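Student: Taking the hints into account, I'd like the entire structure generated from these sequences.
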Amino acid sequence: MKIRLTLLPYLIWSAVFVIIPLMLVIIFAFSTPEGNFTFNNIILVGKYSYVFLKSIVLGLVSTIVCICVGYPMAYFISKIKAKYQNVVIMLLMIPMWTSFLLRTYSWMTILEYNGLINKFLSSVGISKINMINTPGAIVLGMVYNFLPYMILPIYTILAKTDEKVIEAAQDLGANNLKVFWKVIFPLSIPGVVSGFTMVFVPSVSTFIISKMLGGGSIFVIGDLIEMQFLGNTYNPYLGSAISLVLMLMIVICMGIMNQLDSEENANT
Amino acid sequence: MKNKIYFSVLIIAFFSINLCFATNNSINVYSWGEFISNGSDGNMNVNEEFTSLTGIKVNYKTFQNNEELYAKISSGGADYDVIIPSDYMVSKLISKGLLAKLNFDNIPNYSLISDEFKNLEFDPTNSYSVPYMWGLIGIFYNKKEVKVPESDITWDILWDSKYKDKILMFDNARDSFAISLLRLGYSINSKDKDCWRKAADELIKQKPLVQAYVMDQIFDKIGNEEAVLAPYYAGDAAVVLKNNSNIGFVIPKSGTNKFVDSMCIAKNSKRKAEAEKYINFMCSTPVALANVKQTGYSTPQREVYELLSDDIKNNKIFYPDDETLKNAQIFVNLPENINKFMDELWIEVKSGGKTGNSWLLVVILFVFVIMYLLVVLYKKRKTTEK
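Chains as they are written, first to last, in the numbering used here: chain A, 1 to 268; chain B, 1 to 386.
If you are wondering where the hints come from, they were derived from the structure by calculation, not from laboratory data. Heads up, a few of these hints could be off.
Away from chain A, derived, C-beta distances all over 10 Å, residues of chain B [unchecked claim]:
id	residue
1	144
2	151
3	157
4	238
5	302
6	364
With a Cα cut of at most 27 Å, we get these calculated DSSO-like pairs of lysine-lysine [stated by the list, open to error]:
id	chain 1	residue 1	chain 2	residue 2
7	B	164	B	147
8	B	354	A	54
9	A	47	B	193
10	B	386	A	164
11	B	205	A	47
12	B	164	A	128
13	A	119	B	143
14	B	340	A	47
Listed next, with one range per pair, are the computed distances between beta-carbon atoms [stated by the list, open to error]:
id	chain 1	residue 1	chain 2	residue 2	range
15	A	18	B	116	47 to 57 Å
16	B	108	A	96	50 to 60 Å
17	A	43	B	39	47 to 57 Å
18	A	123	B	285	51 to 61 Å
19	A	39	B	364	10 to 20 Å
20	A	177	B	68	48 to 58 Å
21	B	273	A	93	50 to 60 Å
22	B	242	A	123	22 to 32 Å
23	B	34	A	123	29 to 39 Å
24	B	165	A	165	47 to 57 Å
25	A	27	B	364	22 to 32 Å
26	A	229	B	353	39 to 49 Å
27	A	177	B	353	42 to 52 Å
28	A	229	B	156	28 to 38 Å
Only a predicted model underlies this, so the values are computations on that prediction, with no experimental measurement involved. We treat Cβ as the ideally placed atom computed from N, Cα and C, and that holds for glycine.
Tutor: Here it is, written out as structure tokens:
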């Protein structure tokens, strides 16, 4: 009884701000402006499949880059002395105290054609490179912004790994590489999985990064949805339908991740 | 006991918030950012002046584009009294019945508006709107890289492959299409889908040359010489020209878009008389002069124009010659089907001409589901093996 009562504030919160809005999105996705039922919005979403594909590819690439960069970092943190670990984690979090928008905006001044990097390059006599407004710039922005979400869960798992398991493997004659691939990495899969979800989901649905670093010329799902709500035609019905399809993809994706996650848990 | 105190604090807080918003002694104004004289640089603080004159407080909020305004007003949740939309949005709001008819007896200063700004296409009987500012769209160019005489610059220059990756375009369907339509010699309010199709094809052709699609950033990017060519609104152009002498601004004589931002009152305003008082105040010559001086847009009031300094009065950017003005077109609201068509075409332009088909989306979803099933199957096999 007591537990239920303490849950109440959150239940009210989620009912008002999560469940009802979600219902509205579903209702809007299946209705015409006149209020009749229709499948038309969902069918129209199909017209923008390239936009979906592009967003998924960009999200996937940045998630993979995040794993490649984040895993070694998390491994390193988990190996240093315990008292320094907290400091390093703090240092990782510090950039996140600055506004997301501001951090992305500053990448603009770094990557621009007359930006910091190109100014440096031209001062040492190398010709300027066009970096901003490319898919690469967007991936960079995503990796930069979401990397901590990859490092933290992997670090948490690695730090929890029982030293005895590793020692046992070493006793049985495994070299360092073997210990890593056969013991540490499989044990850390749940961390990688939750890191994957925490990076992939926001990367697929972001729009401000693509707008700032992609110069508006690389059109992703976030842009498409924003356009339906704040665009010229103001079509919240199509916007809701697009959001619904996106949600469906993310739910399936989370399902896959969940399966992988529970599998590893079952094994251990 | 504790609970009681908590709740009473909540209730008091709730009511005091309500009081701030709903007293008859305040009005809510919703306008563009940096579109009023706010007391900086020694100019008049218009809103404070109004409060001290009438005792009515002004809650001044700003929006970024007309669509944001429309989303707020049409959802009905917003409580705005005076709003300042642009031309086509005025006509859209009128057609949706979201504007209140003005009582011009309360706005005697309306007589100060020049005749050529009365009864414009977007409000033909001029019963809903009072023009506030106007301006034209022109082209920024960097004199170091663009060696063409200014009189030869037309919209075609934005399609010139010589300036590849140095051209900016508006990140806004209506404005970008207007440029493409003007270039092809069509009306910017065309109701013919073929014209829009052709304009879109031209924009798709232009896309590889475009560095970025942006709005306010045009300002920075042109000022820092990051880009060489970009269309923009004349009012804001003056600031860039003042800060960087390499930049020029030209308004194509062959035709451009003229925008008129007007003051209107929202249909559900509960303080209409006060709102009209505010509009009247904004039209009084000293106030309008202060606003024009600070914002840099052009004024629709003859008397205010006469009071401006000669270098502004004679500046072709703000007050161009008759030929340019004659060829300039004003946006009106497009029919619903054209609006939809334009948005679809715009997505096509932004995605480089191809947006895909339904099958691909089905395939993507299918791949996701297959992956899910594979994982489940793999898991099952593993557990049975054990």
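Student: Give a verdict on every hint.
Tutor: Taking the hints in turn, this is what the structure says about them:
1. 144: Correct as stated: the minimum Cβ-Cβ distance to chain A is 13 Å, above 10 Å.
2. 151: holds (29 Å)
3. 157: Answer for residue 157 (chain B): holds, closest chain A Cβ roughly 19 Å.
4. 238: Label holds. Min Cβ-Cβ 23 Å, cutoff 10 Å.
5. 302: Consistent with the label, residue 302 (chain B) stays out of reach of chain A, its closest Cβ about 34 Å off (over 10 Å).
6. 364: Label violated. Min Cβ-Cβ 6 Å, cutoff 10 Å.
7. B:164 - B:147: holds (15 Å)
8. B:354 - A:54: holds (12 Å)
9. A:47 - B:193: Given pair residue 47 (chain A), residue 193 (chain B) holds - Cα atoms ~19 Å apart, limit 27 Å.
10. B:386 - A:164: OK: residue 386 (chain B) and residue 164 (chain A) at ~25 Å, within 27 Å.
11. B:205 - A:47: Satisfied, since the Cα-Cα distance of roughly 21 Å is no more than 27 Å.
12. B:164 - A:128: holds (15 Å)
13. A:119 - B:143: holds (21 Å)
14. B:340 - A:47: holds (14 Å)
15. A:18 - B:116: 47 to 57 Å: holds (53 Å)
16. B:108 - A:96: 50 to 60 Å: holds (56 Å)
17. A:43 - B:39: 47 to 57 Å: holds (54 Å)
18. A:123 - B:285: 51 to 61 Å: For residue 123 (chain A) and residue 285 (chain B) the Cβ distance comes to about 54 Å; the hint holds.
19. A:39 - B:364: 10 to 20 Å: holds (19 Å)
20. A:177 - B:68: 48 to 58 Å: holds (56 Å)
21. B:273 - A:93: 50 to 60 Å: Holds: the Cβ-Cβ distance is about 54 Å, inside 50 to 60 Å.
22. B:242 - A:123: 22 to 32 Å: holds (29 Å)
23. B:34 - A:123: 29 to 39 Å: holds (36 Å)
24. B:165 - A:165: 47 to 57 Å: Given range 47 to 57 Å: holds, Cβ gap about 55 Å.
25. A:27 - B:364: 22 to 32 Å: holds (25 Å)
26. A:229 - B:353: 39 to 49 Å: Between residue 229 (chain A) and residue 353 (chain B), where Cβ atoms are some 25 Å apart, the hint is violated.
27. A:177 - B:353: 42 to 52 Å: Holds, at about 49 Å.
28. A:229 - B:156: 28 to 38 Å: holds (35 Å)
Hint check: violations occur at hints 6 and 26; the rest are consistent with the structure.
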